[in-house]
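Undergrad: Residues per chain are reported as follows:
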Amino acid sequence: MGKKIILLADTERSEQEKLRDFYTSFANLIKDNGLEDSVSLVRAADIGIYAKGFAVKIFPQGTIYTGVKDGDIARIIEASVKADGVLNDLLFKEEPKQIRIVLRNCGVIDPESIDEYIACRGYGALKKILSGMTPADVIEEMKKSGLRGRGGAGYPTWMKWKFTRESQGDKKYVICNADEGDPGAYMDRSVLEGDPHSVIEGLIIAGYTIGAGMGYMYIRAEYPLAVERVKKAIEQAYDCGLLGKNILGTDFSFDIDIRLGAGAFVCGEETALIASIEGRRGTPRPRPPYPSVSGLWGKPTAINNVETLANVPYIILEGGDKFASIGTEKSKGTKVFALTGKVKNSGLVEVPMGITLREIVFDIGGGMLTDKPIKAVQTGGPSGGVIPVDYLDTPVDYENLQKLGSIMGSGGMIVMDESDCIVDIAKFYLGFCVDESCGKCAPCRIGGYQMLNVLNGIAAGSGTLEDLDKLRRLAQAMQRASLCALGQTAANPVMSSLKYFENEYREHIVNRKCRSHKCRSLMTYSIIQDKCKRCRVCVINCPVNAIEGDREKGFFIDASKCIKCGKCFEVCKFQSIAKE
Amino acid sequence: MAKLTLKDIDGKIAAGLEESGDWIKVGMSTCGMAAGAGEVFTTLQQEAKKRNLAVQIKKCGCQGMCYAEPLVEVHCGGLPDVVYGRVDKDVAIKILEKHISAKTLVNDNIYEVRTKR
Chain A
107 MGKKIILLAD
117 TERSEQEKLR
127 DFYTSFANLI
137 KDNGLEDSVS
147 LVRAADIGIY
157 AKGFAVKIFP
167 QGTIYTGVKD
177 GDIARIIEAS
187 VKADGVLNDL
197 LFKEEPKQIR
207 IVLRNCGVID
217 PESIDEYIAC
227 RGYGALKKIL
237 SGMTPADVIE
247 EMKKSGLRGR
257 GGAGYPTWMK
267 WKFTRESQGD
277 KKYVICNADE
287 GDPGAYMDRS
297 VLEGDPHSVI
307 EGLIIAGYTI
317 GAGMGYMYIR
327 AEYPLAVERV
337 KKAIEQAYDC
347 GLLGKNILGT
357 DFSFDIDIRL
367 GAGAFVCGEE
377 TALIASIEGR
387 RGTPRPRPPY
397 PSVSGLWGKP
407 TAINNVETLA
417 NVPYIILEGG
427 DKFASIGTEK
437 SKGTKVFALT
447 GKVKNSGLVE
457 VPMGITLREI
467 VFDIGGGMLT
477 DKPIKAVQTG
487 GPSGGVIPVD
497 YLDTPVDYEN
507 LQKLGSIMGS
517 GGMIVMDESD
527 CIVDIAKFYL
537 GFCVDESCGK
547 CAPCRIGGYQ
557 MLNVLNGIAA
567 GSGTLEDLDK
577 LRRLAQAMQR
587 ASLCALGQTA
597 ANPVMSSLKY
607 FENEYREHIV
617 NRKCRSHKCR
627 SLMTYSIIQD
637 KCKRCRVCVI
647 NCPVNAIEGD
657 REKGFFIDAS
667 KCIKCGKCFE
677 VCKFQSIAKE
Chain B
98 MAKLTLKDID
108 GKIAAGLEES
118 GDWIKVGMST
128 CGMAAGAGEV
138 FTTLQQEAKK
148 RNLAVQIKKC
158 GCQGMCYAEP
168 LVEVHCGGLP
178 DVVYGRVDKD
188 VAIKILEKHI
198 SAKTLVNDNI
208 YEVRTKR
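From first to last, the protein sequence lines stand for chains A and B.
Here my numbering is used: the first residue of the first sequence is 107, the next is one more, and so on.
Here my numbering is used: the first residue of the second sequence is 98, the next is one more, and so on.
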């Protein structure tokens with residue numbers, strides 16, 4: 107039996123000093139009890155618990171106490187350090203919120219070693235299907251699992267595979283869509299970089315199921331490390347006989363090649379992606395025919411997202427029922443989210459479907475980064491919407507998010523606080539879609555541009571109340587008439603923010619005010635005379651000489667000259683510039 | 098490498114991950130690299146060699162705690178596995194000196210302690 111290890115952490119992460127004082131008192135008491143040789147005391151930076159005061163975790167028992175005060179230390183030492191007892195009043199029950207299926211190997215194995223992947227039961231699913239599962243069995247297992255496409259639309263994977271399998275064609279293809287382009291989302295990149303073999307295994311299984319002999323990985327060129335690792339993984343798989351002719355000594359043959367996307371967001375749309383692989387310009391085409399009937403080079407093609415494919419080996423190995431036991435009625439399994447924005451612990455989280463946004467942001471994410479309250483959560487990237495704070499307790503699944511006017515999307519989750527202006531956010535996402543519109547169809551190309559113009563007008567203070575109706579009309583036209591999902595969903599961020607934050611739009615239009623101080627044209631700067639020390643720093647730094655006056659009379663900002671650049675506000679050492 | 102057959106896969110899975118001895122894993126995905134994991138990795142390699150420590154320095158992917166990159170996970174006999182975050186050159190050396198050599202945990206950079214795997 108080794109030493110007991112005691113971890114101390116400040117779950118509020120306030121000042122370092124406080125934790126050090128707590129550490130000292132703890133250390134002193136340990137010394138007083140003559141335990142210094144049998145206990146090692148350590149300060150931790152984070153133990154996964156938030157807003158609960160000081161926390162003490164004792165190993166090897168794993169007992170956790172929270173809200174510990176200096177006075178409690180003696181009791182803890184008596185009960186849990188000297189003996190193996192537990193103090194029930196301070197005890198904290200840890201409930202693991204995250205379940206790792208897609209990220210099961212990420213951060214565990216060396217992504218560049220196929221041996222480590224196999225040692226973690228990798229390619230075991232492939233072996234299982236090759237030694238006795240028919241494609242129909244695989245589809246049945248996938249049906250049981252209830253896995254739905256993780257790229258955004260949430261189409262059941264088994265149906266996609268079934269349709270492609272049943273389509274007639276001398277050749278069939280499978281494609282892994284790794285053209286992840288949503289701002290702030292990087293789940294797929296992490297999987298490709300941390301566990302490339304799991305995606306390759308998923309793709310081989312997909313190929314076996316639908317009867318394809320060739321698979322493509324379509325990866326965006328902006329992910330050089332992911333491309334390098336996938337390349338290496340494919341080479342290793344060929345060397346081991348897991349790809350190529352007669353895989354694992356059976357009759358099944360399958361090849362994989364990589365295609366790079368050159369950074370067009372629209373190429374994540376399946377028909378545009380197919381065009382891009384074929385060497386044509388990446389623009390979408392009308393569906394039907396769906397790719398499952400006529401896809402790559404006119405042949406039946408199944409396109410799956412990285413995360414979807416990474417789930418497949420797990421489902422085959424563990425069985426569809428086990429996978430389906432996680433999640434909600436209609437959305438099974440887990441979802442990886444890239445949690446970013448104004449949250450303390452930004453990063454990747456993999457949570458079971460049905461968890462609430464509040465749990466994700468506050469229990470896993472550690473709460474807000476700033477001391478400002480949370481305002482909204484944006485999910486689904488530029489095709490998604492804004493979910494206001496009132497709906498934080500909604501369980502996350504495909505249907506619920508759609509009801510709220512957002513979508514699951516690929517898994518970007520951006521947390522916003524009161525300092526984020528909703529008009530500004532809508533402008534950003536719409537601007538992204540306008541930039542990335544391929545220009546093929548008019549509703550997206552022109553509609554998006556016009557909507558952006560209206561939004562720019564509102565942000566600049568020249569908006570009218572009729573603009574809001576105009577936005578709604580344009581959005582409807584885009585939703586109905588656009589060729590592909592990019593145009594159909596481009597208006598979602600505007601529409602959902604208008605639904606929940608119409609007041610804020612009205613404030614911009616009627617009061618000419620931006621409460622978050624983000625819309626530059628709606629701000630005014632002035633000098634607070636009582637605080638001003640008349641040091642002239644602002645006068646010297648103003649790029650347009652808009653600050654006039656002298657040391658005796660004081661200084662004033664000439665509003666007609668001011669370009670609202672904010673330079674004076676930044677340089678003033680006495681906080682005597684008011685921003686409104 | 099020789100071509101594998103169906104049986105080989107079973108054998109390899111049964112053998113499991115060969116994790117003999119002490120090891121240090123550095124998260125080397127884009128997020129880790131951007132935060133300086135490359136430097137941490139080379140520092141660990143060089144310093145471990147200098148000190149003649151029998152410890153394997155390995156690469157791994159992203160664990161998801163991007164806010165605390167670069168992440169370093171340490172497995173050392175007799176101690177639970179510990180994930181250190183915000184590791185820089187100095188902390189890397191501390192990990193070798195304190196955690197690996199002296200078998201005591203390093204203060205202030207612990208982000209996770211794993212009781213079991």
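Honestly, the hints are just simulated from the structure, not real lab data.
Treat the hints loosely; a few may be bogus.
Pair by pair, the computed Cβ-Cβ distance ranges are [what the hints assert, rightly or not]:
#1 A:537 to B:198: 51 to 61 Å
#2 A:191 to B:102: 49 to 59 Å
#3 A:500 to B:143: 33 to 43 Å
#4 A:475 to B:185: 18 to 28 Å
#5 A:530 to B:99: 34 to 44 Å
Here are the simulated BS3-like pairs of lysine-lysine, each with C-alpha atoms no more than 30 Å apart in a straight line [as the list claims (entries may be wrong)]:
#6 A:619 to A:667
#7 B:200 to A:137
#8 B:100 to A:234
#9 A:109 to B:147
#10 A:110 to B:191
#11 A:673 to A:619
#12 B:146 to A:203
#13 A:110 to B:195
#14 B:200 to A:175
#15 B:104 to A:109
#16 A:639 to A:685
#17 B:100 to A:338
#18 B:100 to A:351
#19 A:337 to A:351
#20 A:624 to A:450
#21 B:186 to A:124
#22 A:337 to B:156
#23 A:137 to B:195
#24 B:200 to A:110
#25 B:156 to A:338
#26 A:124 to B:100
#27 A:199 to B:200
#28 B:200 to B:146
#29 B:100 to B:147
#30 B:200 to A:234
#31 B:155 to A:338
#32 A:234 to A:199
#33 A:478 to A:450
#34 A:249 to B:104
Note that the Cβ used here is the ideal one computed from N, Cα and C, for glycine as well.
Undergrad: Against the earlier hints, flag every one the structure doesn't satisfy and list their numbers going up.
TA: 3, 5, 12, 15, 26, 29, 30 and 32
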